[in-house]
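With these hints in hand, go ahead and build the complete structure from the sequences.
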Amino acid sequence: MSQADLVVRSAALATDPQTPVDLFVAKGRVVALVASGTRPVPEGAKVVEASGLILLPGLSDVHVHLREPGQEWKETIATGLSAAAKGGFVNVMCMANTDPVNDQACVTETMLDKAAKSHPKGPRLFPVGALTVGLDGKALAPMEELKAAGCKAFSNDGRPVADSELFRRALEYASDLGIPVIDHCEDPYLAPHAGVNEGVVSARLGLRGAPTAGEAIQVARDCLLSKYLGVPIHLAHVSCAQSVDIIRAAKAQGAPVTAETAPHYLILTEEACEGYDTAAKVNPPLRTRTDQQALLAALEDGTIDVLATDHAPHAAHEKETPFDEAPNGISGLETALSVTWELVARGELSAKSLISAWCTRPAEIFGLPQNRFQEGDPADFILFDPAARWTVTPQSLLSKGKNTPLLGRELTGQVRAAYVAGKNALQA
Amino acid sequence: MTWPHKDLLDVTQLSRADATEILRAAKSFQEINSRPVKKVPILKGKSVILFFAEPSTRTKTSFDVAGKRLSADTFSLAKSGSSLTKGESLKDTVLTLQAMKPDAIVMRHNMSGAAKFIAERLECAVINAGDGWHAHPTQALLDAFTLTERWGGVEGKTVLILGDIAHSRVARSNVHLLRLLGASVRLCAPKTLLPHAVSSWGVPVSSDLDEAVRGVDAVMCLRLQLERQQAGLLPDVREYSRRFCMTLPRLAKAAKGAVVLHPGPINRGWEIASDLADASESLILDQVASGVDVRMALLHLYLTRKERKE
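So the protein sequences, as listed, match chains A and B. Counting the first sequence from 1 gives a position; our numbering is that position plus 81. Counting the second sequence from 1 gives a position; our numbering is that position plus 1.
For the record, the hints were derived by calculation from the structure and aren't laboratory data. This structure is a prediction, so every number in the text was calculated from the model and none was measured. Some hints here could point you the wrong way.
[Said to hold, decoys possible] Just a sample of chain B residues kept apart from chain A, beta carbon distances all over 10 Å, derived:
hint, residue
1, G82
2, S90
3, T97
4, D104
5, M112
6, S113
7, P205
8, A274
[To be verified] Covered stretches of chain B (chain A as the covering partner; in silico rule of three or more C-beta atoms under 8 Å from a C-beta of chain A):
hint, stretch
9, 114-124
10, 130-139
11, 190-199
[Stated by the list, open to error] Here are the simulated DSBU-like cross-link-like pairs (lysine-lysine), alpha carbons at most 30 Å apart as the crow flies:
hint, chain 1, residue 1, chain 2, residue 2
12, A, K400, B, K87
13, B, K307, B, K39
14, B, K39, A, K483
15, B, K102, B, K7
16, A, K400, A, K433
17, A, K400, B, K102
18, B, K80, B, K47
19, B, K47, A, K483
20, B, K40, A, K400
21, A, K400, B, K92
22, A, K167, A, K228
23, A, K108, A, K483
24, A, K400, B, K39
Glycine included, every Cβ here is placed at the ideal spot set by N, Cα and C.
Here you go:
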């Protein structure tokens with residue numbers, strides 16, 4: 082390994098904040114991570130003083146909506162990746178529900194081209210290809226072509242496949258190619274995109290709610306198929322305790338399922354929809370405190386593998402409507418680490434689980450570049466200031482999507498630098 | 002009394018004193034409606050836009066009559082005749098209306114929360130004439146007024162609300178207002194027409210009408226919409242009427258002198274037997290008359306609020 086050209090000094094590790102460390106990087110790769118001051122800084126190396134900052138591996142977000150092509154007024158690949166970098170993400174997987182849908186190589190290639198031009202230092206973009214043509218749930222998408230163009234997974238996210246036979250065949254075909262399938266679990270008949278949980282709040286506000294069973298039924302179907310076929314399925318944005326119970330049982334029986342949840346399910350409940358707040362309208366909907374606790378426990382014991390933002394930016398005027406008319410979605414890239422770090426600070430989530438869910442497991446499941454701070458790993462890391470306090474305002478967000486129920490809330494912790502292969506993606 | 006509210010969005014905004022004041026005012030306006038010339042100049046120079054994005058006979062006409070009897074100028078706008086059909090957003094439509102400087106907008110809309118949505122964006126008074134499944138405050142107030150007229154008050158009385166509770170703004174508003182005024186409320190409906198979390202409302206719930214009606218002082222029937230059958234919530238209207246149609250024999254199980262109400266429009270033979278609808282126990286037309294009294298009171302309170310403060 083060549084001599085280090087970058088040294089990060091006196092940073093703290095999230096799992097051992099009392100022992101400062103120095104990170105040595107050469108040509109975009111990790112050389113060593115050592116106790117601070119135990120190895121001399123090579124002459125000419127760039128030194129980054131990181132006292133008081135937490136050193137984390139770069140985060141991977143396996144579930145974002147970047148809206149380009151087709152809905153650039155909500156977000157572009159350029160603005161979305163800027164927001165991702167600000168949030169500490171070095172790898173970003175973007176969903177296929179663009180317009181046109183990402184169901185052919187030319188769309189994938191366009192996305193990758195835009196990312197390379199707007200963000201040559203990263204974050205890296207990994208498109209998710211459509212599972213079915215046009216996301217219509219009728220015919221399989223050309224998955225080999227999409228894989229060859231650069232897709233890392235397939236999904237019908239946003240428009241789940243209700244036809245179980247077609248979904249089975251899609252799983253089998255994708256597994257031939259060695260590419261994982263991400264499923265949005267929603268029985269379209271039981272839970273038609275309501276955006277609010279079926280419960281006390283929906284009953285009071287006179288809104289049609291989505292029952293947890295509408296999600297859990299599809300989770301159960303997917304777990305059964307995964308076990309039966311022996312193929313992996315990644316379950317997107319799990320929101321409720323019922324789903325967690327089913328996933329835990331399936332994993333115990335050897336089903337190769339993995340699962341994610343999003344930060345908003347961990348910090349907000351259905352009460353956020355009171356007053357018809359469309360910023361809190363998301364699919365699946367925000368649930369109850371009981372569901373929240375089940376999700377936290379599942380992250381801790383590994384039943385839920387991954388945290389993902391489900392970043393879903395919308396223009397302000399699109400959310401400025403009566404609740405029923407508003408689109409589902411929360412803009413989440415830039416608040417994700419702060420709010421999950423707060424869970425760590427409060428003792429509701431361990432730092433080890435946080436790193437596993439944001440860094441290790443997503444990279445393992447989807448074959449993304451991964452930094453374990455071992456020699457030769459890509460120098461993907463972030464420096465996080467756990468003491469910084471900032472208020473979420475439209476002006477504070479780089480994403481075009483200002484649609485978050487956290488607007489006005491003061492958060493603790495902010496990303497100061499996000500390095501992708503040794504280069505800080507936060508610097509122009 | 003200085004009226005503290007800019008808008009009437011939901012009865013949950015009202016204190017018991019507020020509700021009592023509205024009923025008291027309604028009583029004072031009742032007299033005007035029995036005069037040979039039913040017009041007073043109280044709201045002369047005021048303008049009220051009746052913006053009904055959903056069909057309505059009773060509520061819209063009632064507000065229109067109420068406004069005109071108080072000498073306000075009323076203007077009607079339906080969704081079909083508005084730019085909403087051209088894709089204009091609700092926000093832009095109501096901002097356009099506000100630019101014409103009305104003193105109040107009375108709005109009915111098919112979406113829950115729509116009245117709150119516009120009230121937060123408009124300077125003029127907004128009166129909710131029904132929003133989705135959420136609230137119908139003026140209906141609840143006129144129902145309470147009707148029962149008060151009959152009984153002298155609702156305190157200590159028991160009212161059964163019967164029918165499609167899940168999709169009913171009338172039920173949601175009446176459950177709250179009747180309890181606020183001291184009445185007990187029961188609900189009766191097939192489970193498919195009850196909200197999943199109805200237990201959080203804190204009132205007894207039953208799917209057995211013969212049991213639920215025992216000892217009640219009033220039965221408030223709700224309208225059954227045919228689309229509930231099409232949505233698979235009911236087998237058919239015939240079966241619904243066998244189980245849940247209010248009839249004279251069923252009313253005989255209620256307290257002596259019990260009455261029936263219905264917000265209309267009624268489907269005779271489905272929700273209420275035709276002979277009961279026309280019987281002396283029926284307050285259906287009293288409700289319509291009360292509607293004008295109550296809406297005159299509301300327009301007066303909300304349109305003269307600023308003058309009162311000054």
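Tested hints:
no.: 1; hint: G82; result: holds, 20 Å
no.: 2; hint: S90; result: violated, 6 Å
no.: 3; hint: T97; result: holds, 15 Å
no.: 4; hint: D104; result: holds, 23 Å
no.: 5; hint: M112; result: violated, 4 Å
no.: 6; hint: S113; result: violated, 4 Å
no.: 7; hint: P205; result: holds, 16 Å
no.: 8; hint: A274; result: holds, 29 Å
no.: 9; hint: 114-124; result: holds (count 4)
no.: 10; hint: 130-139; result: holds (count 5)
no.: 11; hint: 190-199; result: holds (count 4)
no.: 12; hint: K400/A - K87/B; result: holds, 19 Å
no.: 13; hint: K307/B - K39/B; result: holds, 25 Å
no.: 14; hint: K39/B - K483/A; result: violated, 53 Å
no.: 15; hint: K102/B - K7/B; result: holds, 15 Å
no.: 16; hint: K400/A - K433/A; result: violated, 36 Å
no.: 17; hint: K400/A - K102/B; result: holds, 26 Å
no.: 18; hint: K80/B - K47/B; result: holds, 23 Å
no.: 19; hint: K47/B - K483/A; result: violated, 40 Å
no.: 20; hint: K40/B - K400/A; result: violated, 44 Å
no.: 21; hint: K400/A - K92/B; result: holds, 11 Å
no.: 22; hint: K167/A - K228/A; result: holds, 28 Å
no.: 23; hint: K108/A - K483/A; result: violated, 37 Å
no.: 24; hint: K400/A - K39/B; result: violated, 45 Å
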